[in-house]
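> For reference, the chains in residue letters:
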Amino acid sequence: MLNDFPPNPPIGTRTGIGLRAPHIGAVRAQTPPLGFLEVHTENYFGGGAKLKVLEGLRVDYPLSFHGVGLSLGRADGLCEDHLAQVRTLVKRFEPALVSEHLSWSAYAHVAVPDLLPVPFTHEALDVFARHIDRFQTVLGRQVLIENPSNYMIFDRLDYDEPEFLLRLSAMTGCGLLIDINNVYVSAHNLGRDSYAYLAALGHGEAIGQFHLAGHDEAPGDDGQVLLIDTHGHSIRQEVWALYETALERFGDRPTLIEWDTALPDLDVLLGEAARADARRARVARNLMAASHA
Amino acid sequence: MPDLATFQRNFLTNVMRPPSTAPAGLRIHHDTWLFGLIEVLGERFRLSRLALGEEAFNAFARDYVQSHALTSGDRNAYGHAFPAFLRDHPQAASLPWLADLAAFESALEHAHHGRDAEPCALEALLAPDASCTLHPSVSILRLDHDIKPLHAALLAGGACETPAMVACDLLIGRTADDEVVSLCLAPLEAHFLKLINTHGSLFAALDALDPDAADLILLQTLLARLSQNSLLTST
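Chains P and E, in that order, give the protein sequences.
By the working numbering, the letter at position 260 of the first sequence is numbered 260, and the numbering carries on one by one without gaps.
By the working numbering, the letter at position 154 of the second sequence is numbered 154, and the numbering carries on one by one without gaps.
Simulated from the structure, these hints should not be mistaken for lab results.
Some chain P residues near chain E, calculated using beta-carbon distances under 8 Å:
#1 123
#2 127
#3 156
Predicted, not measured: the structure shown is a model, and the values here were computed from it.
Using N, Cα and C, we set each Cβ at its ideal position, and we do this for glycine too.
Just chain E, same shape as in the assembly (with noise of 0.2 Å):
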């Protein structure tokens, strides 16, 4: 028996990717591997694989598995990076709306699970020395394709219909009432909510962005509909 470290640097190498003479104790790790983890993806991307049919989400999804390692214990975390993965793969070029669909999805279900925050009044955060950040259940995304009426259809069971071209920005997240709520932005709004995060403070985002007087008014009407929604938080 060789060390545990390295025991348990070939163990792994063996489940990933057994031997063709691999004893069946080690493709039962094998397989719970894999399928294990096609079936966590499954269950997060659940519209996306209504939506492809079974078969192919799951060819989709072994792709992606033996791709993308898991590298922590919370495997719900699993699967951040499968709709970037999905514009990429060769196989849904002729499904260019697949990959907006799992990143709207993705982004929902980081809404109802990401992590609490105390949210903060926006006259607290409008002190020049004040961090600010957005709430950690939001995410902020670019698609270019209106996808939510083929996420409403799939959701009710209903025919999927192609989703149109249109680029949007959207914000997705969760109030303190626990409803995710999902807003849509104008490119300068999204770029502002990216600036907030990057510098952990609302005047040095609108330093950074340097707005004209038009602009301001609109970032003040968007950072009161988020201080509403208690989509505010100070670090």
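Extracted from the complex, chain P is given alone in its bound form (with noise of 0.2 Å):
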């Protein structure tokens, strides 16, 4: 099952922003300095002129396609026309990044516009790992595995994200995609230690983006405060300092500024992009320094 792929074509040094539709304007006038473009792949299904702009954008940055549709978990098998139209695409864009989550959101043809949480079980280690070695096979190339928001706990589970991400790695040789937001918010839901969870990772050699959003929060049970994953807000203060533990720890990698909800203009994510940028050349320095100590 462990495939041995070619590289993936090269991304910027810079940090990259998520495009939405509202910017794809003030992006192709200002071409502003970014490492890549990430789009999220459904949108870009068929046909007409939105192809054709991004052909256009690709001429000046690398582009990044995340899915959030192919639902990787469920347990009825993978969808082959939503894998054919992906491929379609890939083939078509080359892109340098392709990415999907550790979720499901699909079954017995009822789906949902969500990411659901999966149940780290040895059966669904199985399941992933199966349509994770079908989605690179397909694409003849290695993808990228995002861990989720999570906001409910399960009981009776065989493993834990970190371990059931990592063992994905080894079986399939995909590439994992740590969203730090996510890390965050799901700590804080389940009570866990997000450093821990860092740390869980061992050295994060399959580590190969980094994604950077805000949340919100919502009430939760018993007085209880829940923070939920909108990509509507600027990245917190603890989020951007669990970052750097993992800039630190890990080393750099591809960043992405995500923004999906009450969008503001391009100029407010170029500067998280910026203050992204700023961390990263920080944390090289520093590694750099000690390094030479």
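Using the hints, build the complex out of the two chains.
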């Protein structure tokens, strides 16, 4: 099952942003200095002018295709039509990164526009491994799998999330996309330690990308507060701190600013990307200084 | 923990119809499902939402979401049955033009984003054994109201006047230059185009229709227009 795929196309050293429709005109007009643009894969299913626009953007930026609808964890088998559409796009655009989620969103002809939680059991591990292997085989390349935001605790599981991700990577050769905000949100909601989560990922050799995003608060049970991964807010200070720890522990990786709801002007996203770049540079300098000390 | 299939079947049921004692985490997934799909409909039917107002539109959208499942991981494809749903909805009976506006919007959306296909020259499609279909971006609509002035007024942010009752057939599709075109059709032309897609061949469609000489001239003119707009393709 372990695949030996050719290296992916190169990606810029600067931080990238998630490209959403209201910002396309501004990005085309300004061509701001960004490492890459990430799009939701399913938004480019079909045809028409949007694909030609993306071809134009590809001239200036490496692309990352981030899927939200393949439902890798579904128990009843992957949707081959969905997979074929992803393959068509990947062949056409040759993105630097292709990613999906450690989640499921469909079963037996019913789907939801959400990333639903996975019980980390032996059976779920087998299902994910089989589907990721199929995904990579169809694309002929490595994909990255992203840790989700969790709002619910399940009893009697066989693995915790970091171990589940590492086993998947070992079984399939997939890389990991570590969403730092999701680590923080899940740790808060499940009463866990976000720094221990990062430590459980070992040296992070499989990590191929970081995501950064904002979250909001909602009332939970028994007067508690739940954190919601809304992607509708600037990145919280606690998440920046966790990101710096991830950079120190794992080293620099392509990093993305995600913002999907209550979308601000492009300049706000560019500011967040610049903040990430500054942290990446500072941590790199510190690591270099420490290695020379 | 039950097996994964049972877990997922039960979980989906609970997401869509959470019990009153549902934990907050499950309610978050419920809200993401419900409001996520209402938002998908609101984006796809922007002008219908504008014409109705947010509150009324969301009430229709909520009813639709609760009776029509998303069936694939491509949420942008959701809502194709929304115009028909509005046509049959008792609360929309006083707005008989609403379903037509939604159908028009849906066809425009499909024209913009439908699958690409290489156009085929009319001469090649006229060969007796040639296969032929309409371009994947094409929709053929029967509307009961003159919806274009209302659509244009809403787009321009102008006043919303009640559309006149005028039945018409429309073809909406995308040209090779990615321009979306809307052509008025005679009933015979609309029927003929549906036959092309049913039979997958110009010859078979003509055989099925068996037009007289005058109708044949009409259809030849139509085919020439479609060919000029790159709206014919070979399967």
